[in-house]
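Protein chains: 4
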Amino acid sequence: MSFQNPVFIPGPTNMPESLRKAVDMPTLDHRSPLFGQILHPALDGVKKVLKSETAKIFIFPSTGTGGWETALTNTLSSGDKILAARNGMFSHRWIDMCQRHGLDVQVVETPWGAGLPADKYEEILKADTNHEIKVVLATHNETATGVRSDIGAVRKALDSAGHPAMLFVDGVSSIASMDFRMDEWGVDVAVTGSQKGFMLPAGLAIVGFSPKAMDALETATLPRTFFDVRDMGKGYANNAYPYTPAVGLLNGLNEACRMLLDEGLENVFARHHRIAEGVRQAVSAWGLELCAVSPDVQSDTVSAIRTPEGFNATDIVTHAANKYGVAFGVGLGEVAGKVFRIGHLGSLTDVMTLSGLATAEMVMVDLGLDIKLGSGVAAAQEYYRNNAV
Amino acid sequence: MSFQNPVFIPGPTNMPESLRKAVDMPTLDHRSPLFGQILHPALDGVKKVLKSETAKIFIFPSTGTGGWETALTNTLSSGDKILAARNGMFSHRWIDMCQRHGLDVQVVETPWGAGLPADKYEEILKADTNHEIKVVLATHNETATGVRSDIGAVRKALDSAGHPAMLFVDGVSSIASMDFRMDEWGVDVAVTGSQKGFMLPAGLAIVGFSPKAMDALETATLPRTFFDVRDMGKGYANNAYPYTPAVGLLNGLNEACRMLLDEGLENVFARHHRIAEGVRQAVSAWGLELCAVSPDVQSDTVSAIRTPEGFNATDIVTHAANKYGVAFGVGLGEVAGKVFRIGHLGSLTDVMTLSGLATAEMVMVDLGLDIKLGSGVAAAQEYYRNNAV
Amino acid sequence: MSFQNPVFIPGPTNMPESLRKAVDMPTLDHRSPLFGQILHPALDGVKKVLKSETAKIFIFPSTGTGGWETALTNTLSSGDKILAARNGMFSHRWIDMCQRHGLDVQVVETPWGAGLPADKYEEILKADTNHEIKVVLATHNETATGVRSDIGAVRKALDSAGHPAMLFVDGVSSIASMDFRMDEWGVDVAVTGSQKGFMLPAGLAIVGFSPKAMDALETATLPRTFFDVRDMGKGYANNAYPYTPAVGLLNGLNEACRMLLDEGLENVFARHHRIAEGVRQAVSAWGLELCAVSPDVQSDTVSAIRTPEGFNATDIVTHAANKYGVAFGVGLGEVAGKVFRIGHLGSLTDVMTLSGLATAEMVMVDLGLDIKLGSGVAAAQEYYRNNAV
Amino acid sequence: MSFQNPVFIPGPTNMPESLRKAVDMPTLDHRSPLFGQILHPALDGVKKVLKSETAKIFIFPSTGTGGWETALTNTLSSGDKILAARNGMFSHRWIDMCQRHGLDVQVVETPWGAGLPADKYEEILKADTNHEIKVVLATHNETATGVRSDIGAVRKALDSAGHPAMLFVDGVSSIASMDFRMDEWGVDVAVTGSQKGFMLPAGLAIVGFSPKAMDALETATLPRTFFDVRDMGKGYANNAYPYTPAVGLLNGLNEACRMLLDEGLENVFARHHRIAEGVRQAVSAWGLELCAVSPDVQSDTVSAIRTPEGFNATDIVTHAANKYGVAFGVGLGEVAGKVFRIGHLGSLTDVMTLSGLATAEMVMVDLGLDIKLGSGVAAAQEYYRNNAV
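Residue numbers (the working numbering), protein chains in the order written: chain A, 84 to 472; chain B, 84 to 472; chain C, 84 to 472; chain D, 84 to 472.
Keep in mind that the hints were calculated from the coordinates and are not lab data. Heads up, a few of these hints could be off.
[Claimed, not checked] Calculated pairs, DSS-like style, for lysine-lysine (alpha carbon to alpha carbon, straight line, at most 30 Å):
# : chain 1 : residue 1 : chain 2 : residue 2
1 : C       : K406      : B       : K317
2 : C       : K406      : D       : K455
3 : C       : K295      : C       : K203
4 : B       : K421      : B       : K209
5 : A       : K317      : D       : K455
6 : C       : K295      : B       : K406
7 : C       : K421      : B       : K317
8 : B       : K164      : B       : K130
9 : C       : K317      : B       : K421
[As the list claims (entries may be wrong)] Short derived list, chain D residues pointing at chain C, Cβ under 8 Å:
#  : residue
10 : T302
11 : G408
12 : V409
13 : A471
[Said to hold, decoys possible] Not the full set, but computed from the structure, chain B residues with beta-carbon under 7 Å of chain C:
#  : residue
14 : E152
15 : Q278
16 : F352
17 : L452
Here a beta-carbon is modelled for each residue, glycine too, at the ideal position from N, C-alpha and C.
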């Protein structure tokens, strides 16, 4: 009976039937023109999803973490200075990666639950009159805390400071689910993966490089081979890869882009917002709080929900899995045990979401929390029925 | 986004991943021993599911309706007398089929919502002192009204009357979901299909013939070729079919039997009962009534729910499909417009069921019925969390 | 390692990836408009494949044998007179079915290996001045002997005789692989299945009824319910079936028609001819004879190959399966043990065919026949390389 | 009609039905115990396939190239000395990767077509009395030239020299197809991928680390994060990954190991040898030569076939794809245009192989080479029929 309930983890998401079928393809010669007929539309599709006219897209058989490494190793040299804020587990890990590659990270510690401190960035950038900072890192959506930051504001901070640093954005859990504007926001490297907004299995690191980031390839001396975008780009011209590509996933990505663009990106974002808002209505009806400190930073792809003091939020996840066969996300790092997470991105409907909320209610009541069965569901129902398309 | 919500029609049911994969198989030579390795375990599995030691199982590329025709044409001759009760659309259709094949049916009109009238059967059988009645038809579960009848009581009626008529049971929407005891109840022909309790796509008529029914083959003169069980049985001995078998579906049936027997039939029945009871708790919380007139005839595979006078119940089904992408069943025949149906059989979980109930609530509120959002869900949640395995 | 070799049985055929995926679909409400979006294009597609403007198409969850029964029971009454020739196992079986349904068949015994005797038909029809013969049966392609008959000639026989009998054609192993012209040939009922030219799993009986055959529905009194085309037709108007349809197979059929029409029917026929001709070149290089008595009756979908006197041709099939995992067809009925069959219809390429020929050669040498390894392959290679598209 | 012919590239290979189904799975929570039930058996299975009792297995969402990088970055520091031979494109690329990561490679230039020069290695190692060489690289099977080297001999070279350098082996196109003995040969890091002997889609880098290689983790200072085996190993203990795993591929790997071990590794190797030998018989019958300079270095997974002077071997690959829809491999690097390659590893049968040989013959004749149609096929047939299991 497993596999019948939807998952409510913040990725990998539930997959549409058509994407599973696109991925599950027979072997095809990846050195033949047939492969080019998959690769190039996939690259074009990603570019449109990123809302970019000028980016070069590169796709590695890897994950978002490999995308982070691609961003760093192709553009930087040992000792280069980086500016980054730590407001959750994923921003923390990218910072850690920088340090392991010998980069010098100026970390702005930020409360877990808050967004990126654009004003603080501006201050630091203005003070960096020698322009030693080479890159500003920004995690668009902190999957650990359910916090979406304002990337446009980070761009403004750079511009106000007249600072030439590049802007690298982790959009793993935002791209293709929430509005992302690579060109308008002046993003130099955008990073994502296949298993979130693209609704595919994990296995692809997807990155977009701005012309400025492409220029940086020439001077960067961090060692790289697998993640070298020059080798990758050279191959694309000949419908080829520097090694064996994940053809099925690329075929799925091609189809995913078609699905997203057919629905219309703004409709996709509106759908994610509607579903997320229903979840938030339920959380509110339960008398619980989000980890996100204010409405303007609430994520439309994942909600991290604080449980009462003294209660181990991780028990919710374990109990839901064991008793009801439903997967939620645990709290990570600083908020481990304090929050549980409901992922609501990718291939999800209002109806599926209601089953997740109903399950969360049963679990919380089972575990002794003072929650009224049906209360969150009713709040979400009211929202969904009034806001259905 | 279609195909993501579960269906709540009373069959075809939601299909487990593993059964879809078992059905979707490459072409295999159906005249080779490989085919026998699929066919024979499938036949054995069905026999166990029917709780029979002595039945011969026959499987046609057809549907339950073809199973009805198989039962009649292999055992009867034009003008033969049949006893049957009409208490819903499916019993009606079987009666109609009898008449179209020139059989003489004595119909006991029975309220739609009531079970089969075993006492009335007994009375008629006792009066038939010449034993002209050759077959008693019994629809185990009336899919149209959500009514399960007591087949054991029908058997007792036959026995009390000392009547030698055969007992043919339509178990299409009961077998493999609710208790069915072919041998204990003295069922002579049991009929079902692939798309209900076996959780497969439609496409197989599955019948079990008792030794007595097998004897009747010799004297029956109704014309038959496609549905002739003698041809079918002859083939089986050589791992063959009289024509091309639906190999993939048979492979799926084999796997379905394995799944059901691994879970344990009593556990399967208990699961269906639990899920159904949650639905009934919700119906009660909504202040609505089932079509089934009393608890002892409530079906564990489908609930037909009466809506208030003056309300067109079919609107619920249309609205649910159009606005929420969820499929319920309409009322049929006498109860068209008066009931809507929630199918809750096959591959379903408590969690999936809650999403169906939540949808039904939104729909009914959208259409102006006086239902409190979350009320039915809460009642079901309370039941499910207290009765989870 | 099974399932890796193509099959060379005369149906079910090898299936294209895209059709397997079309068939393997999640459960959909077959009473919803979504179903109509599958059903109606499938019906239209079949009509085009039959080259008919006026036929009504009906599709049953059944097989070609069920299609035969549909043809007979919907148009005829007990005792009606039928004209048919027996020139192989499948024409024999249709005649047998007629007899089992109480029809009076005038059988023209015809050598197995010869085509239908249109001249003999004409003679008999001319002699039937009272027009007692209601239907002429014609097996377009005798799958047992690899013989294709001239249906146009049968039509001419009817016309020359000025006889009003209907013409029923079994096109199970011809339609969608070899030219079939329902309207031009004045076919009244055309019968086929899903598992041959349509390259799908078995499970659909597909029939086309001419206006004249539709008129016959009103007077026919043979009992029928499952195969009643009136019930079926009534449902179609409402996107519905009289019982549960095989939705996945219909979806596959829709896609199969699209594939065939996209390739172009004449190209499909040319492809079958090319592949068949390669096989015939090989047979000739082996020094063997076809069962088909002359080139004009050689089938493009299956070749029945005579083996030398005293040799049991069935051993080839058994040995090929056991030692090489390749499926060929055995001889049936009169030619059992005298021929083995290579099916070459449906989703097949020149390259796949060569592997079948190479296997047949190894098998024949293993079994002591005087065949030169590579000889048939070389003949087919020469043909294929000179006739590739 | 595409996807019907098998591919004859030296990986990704043709995939068995059951592995495709294992890979194509619904989303599962990769932080749940369910994931551990996939991961750990997969790790254990790989260990058995490597014939190791002591190796730690790590599996990255990447490819063999990522496996090379994993080997180097986890065990070495900038400036470390490496010994390697260049005898083909893949050994060349691994050397290039070393250099890009700042390692100091002593390259033994070796003819393309020859095996690794164990004697030369021994000489160099003996001369390295200070033990500056940290690692010896060895490409077990040069996919570019169809050359299998003797890893046992390389181990003996190290032992004879009494040299403590580690031995890293690229087994991408050998492991799970040809005999590989990690422990017996004292391999310190073994590298492979999912898309060759494991018969899966590309997308996994699979590495085994000996205890000695594990010790080297502590001192290695090459920067690494994505490919850090310490993070990876830490996660495994908790059924987890340092980032999102490719769950479906891991499930497929688990199933692939089960298939291989059920068949028996020695049987798998024998099967590859048999199929390869048939190909070599064909090459010989054609009067052509292998790139591999002597029988002892002929690969059982890929044959690189030299074409006559003045002929562009790449035309064979292009023509085969365009005219016959069959994929062969082109020559790479030094042997580009001089050889074409037939991959014969993974999920392949004698029968499928014959179709590849038949195609190659047609192509060569089409292109004017002096080849007799059927000649190579006949030679392979003779071999296969005499050596079938």
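Here's how the hints hold up against the structure:
{"no.": "1", "hint": "C:K406 - B:K317", "result": "holds, 28 Å"}
{"no.": "2", "hint": "C:K406 - D:K455", "result": "holds, 28 Å"}
{"no.": "3", "hint": "C:K295 - C:K203", "result": "holds, 24 Å"}
{"no.": "4", "hint": "B:K421 - B:K209", "result": "violated, 37 Å"}
{"no.": "5", "hint": "A:K317 - D:K455", "result": "violated, 40 Å"}
{"no.": "6", "hint": "C:K295 - B:K406", "result": "violated, 44 Å"}
{"no.": "7", "hint": "C:K421 - B:K317", "result": "holds, 24 Å"}
{"no.": "8", "hint": "B:K164 - B:K130", "result": "holds, 29 Å"}
{"no.": "9", "hint": "C:K317 - B:K421", "result": "holds, 24 Å"}
{"no.": "10", "hint": "T302", "result": "violated, 46 Å"}
{"no.": "11", "hint": "G408", "result": "holds, 6 Å"}
{"no.": "12", "hint": "V409", "result": "holds, 6 Å"}
{"no.": "13", "hint": "A471", "result": "holds, 5 Å"}
{"no.": "14", "hint": "E152", "result": "holds, 5 Å"}
{"no.": "15", "hint": "Q278", "result": "holds, 6 Å"}
{"no.": "16", "hint": "F352", "result": "violated, 22 Å"}
{"no.": "17", "hint": "L452", "result": "violated, 22 Å"}
Figure legend: structure checked against the earlier numbered hints; hints not met, in rising order: 4, 5, 6, 10, 16, 17.
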